[in-house]
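Undergrad: Now for the letters of each chain:
There are 2 protein chains.
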Amino acid sequence: MNALPILEPVTDETCCTPASRPALDAEQAKRRALVFKALADPNRLRLLSIIKAESSGSTCACDLIDPLDLSQPTVSHHLKILVDAGFLHREKRGTWAYYSLIPGALERAAGLLGSL
Amino acid sequence: MNALPILEPVTDETCCTPASRPALDAEQAKRRALVFKALADPNRLRLLSIIKAESSGSTCACDLIDPLDLSQPTVSHHLKILVDAGFLHREKRGTWAYYSLIPGALERAAGLLGSL
DNA sequence: CCCGAATATTGACCACCATCAATATATGCA
DNA sequence: TGCATATATTGATGGTGGTCAATATTCGGG
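Protein chains in written order, with UniProt numbering: chain A, 1 to 116; chain B, 1 to 116.
Hints were generated in silico from the structure; no laboratory data involved.
Be careful, since some hints might not be right.
For chains that are exact copies, the list does not tell them apart, and a pair is met inside one copy or across any two.
Stated by the list, open to error - Restricting the straight-line Cα-Cα distance to at most 30 Å, the calculated cross-link-like pairs of lysine-lysine (DSBU-like) are:
1. Lys-52 <-> Lys-37
2. Lys-30 <-> Lys-52
3. Lys-80 <-> Lys-52
4. Lys-80 <-> Lys-37
5. Lys-80 <-> Lys-30
6. Lys-80 <-> Lys-92
7. Lys-52 <-> Lys-92
The whole structure should be built from the sequences, with the hints applied where relevant.
TA: Next up, the structure:
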C-alpha cells in the first residue's frame, strides 16, 4: 500500500530551504525518487508538455495517442503513472477521459531539487 | 557519440518561458528524460544531498560509502551516473576522488520542469 | 620497485519497466 | 437491449537498471 500521493502538498520538506539541512534519510529519498521516476520517460514528458500546452485546461486522452507514436494501452499506462505521481488529474466525461495538470505540481517537483 | 552532457548550459530551451510553446519533440524529450533518470534513484538523491550539505565544496568518495548502505562499486557507479548527467564534478587528488555539485545544475534541472 | 589503499571497471544476476496484442469495462445511442 | 466507441486492464516479452563479488587501475610511501 503506501498509497500516498507522491507529490504531497507544501510541507516543511518542500519549502523554506534552511541554510543547512541534514542529508536526506532513506525514506524521504525513496519517496522523492518516485516523483523523478515518473518524469524519467520521454513519452511521459511529452504527455505533460502537450497537456500543458493546451489552451483549454484539459486534454482528451484521444488527442494524446496520435502525437506520441504509441499504442492506446501504452498511453493509458503512462497517463496512469502521471496521475498516481500527482502530476495529472483525470476527469471522465461520458466515454472520454480528460486530463489536466494539477496546479503547482511541476513547481513542487522542481522545489524538491532545491531542497535536497 | 552523442556524448553531450545532458544538463546543457542555459539555452533557449531552458529559460525565458514564453507564454505558449510547441510541445516537446521526441528528441528533446529523450534528452530531458535522461536528466530525470539520473535523479530517479533514492541513493543518487542521497548522494546529491550529502554532497550539497557538505560545508566544504567537495566530498571525498570515501565519505559517501558508509552513509548509504551500498558496496563501494555501487556507490562509484551512482557517482559516475551523476557526473555523466552533469550534476557532479569529479576531481582526483592522489588516490582520492572528490566530488562537488556543479553550480546551477540542480537549478537548471528544476528549470526543465518549468519549461515543459 | 614493490606493497597497500582508494577508486573504477567488468561480468553476472535479479527486479523492474516500457511496450504491445488481446481482452475487459463502461458509456452513449438506436 | 444490443451495438459501437473510448478507455482501462491483463499477460507476455524484450530491454534496462541496481546491485554485488571479483578484478583492474592508479597512486603514494617505504
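Undergrad: Run every hint past the structure and note whether it holds.
TA: Evaluated hints:
1. In this assembly of identical chains, the alpha carbons of Lys-52 and Lys-37 lie at most 30 Å apart whether taken from the same copy (19 Å) or from different copies (21 Å).
2. For a Cα distance limit of 30 Å, the shortest separation of Lys-30 from Lys-52 qualifies both inside one copy, at 27 Å, and across copies, at 18 Å.
3. Taking the shortest alpha-carbon separations for Lys-80 and Lys-52, only the intra-copy value of 17 Å comes in at or below 30 Å, while the best inter-copy value is 33 Å.
4. For a Cα distance limit of 30 Å, the shortest separation of Lys-80 from Lys-37 qualifies both inside one copy, at 13 Å, and across copies, at 19 Å.
5. Taking CA atoms no more than 30 Å apart as the test, Lys-80 paired with Lys-30 passes in both settings, with 20 Å inside one copy and 20 Å between copies.
6. In this assembly of identical chains, the alpha carbons of Lys-80 and Lys-92 lie at most 30 Å apart only when taken from the same copy (13 Å versus 44 Å across copies).
7. In the homo-oligomer, the alpha carbons of Lys-52 and Lys-92 lie at most 30 Å apart inside one protomer (18 Å), although the nearest pairing across protomers, at 43 Å, exceeds that limit.
Hint check: no violations occur; every hint is consistent with the structure.
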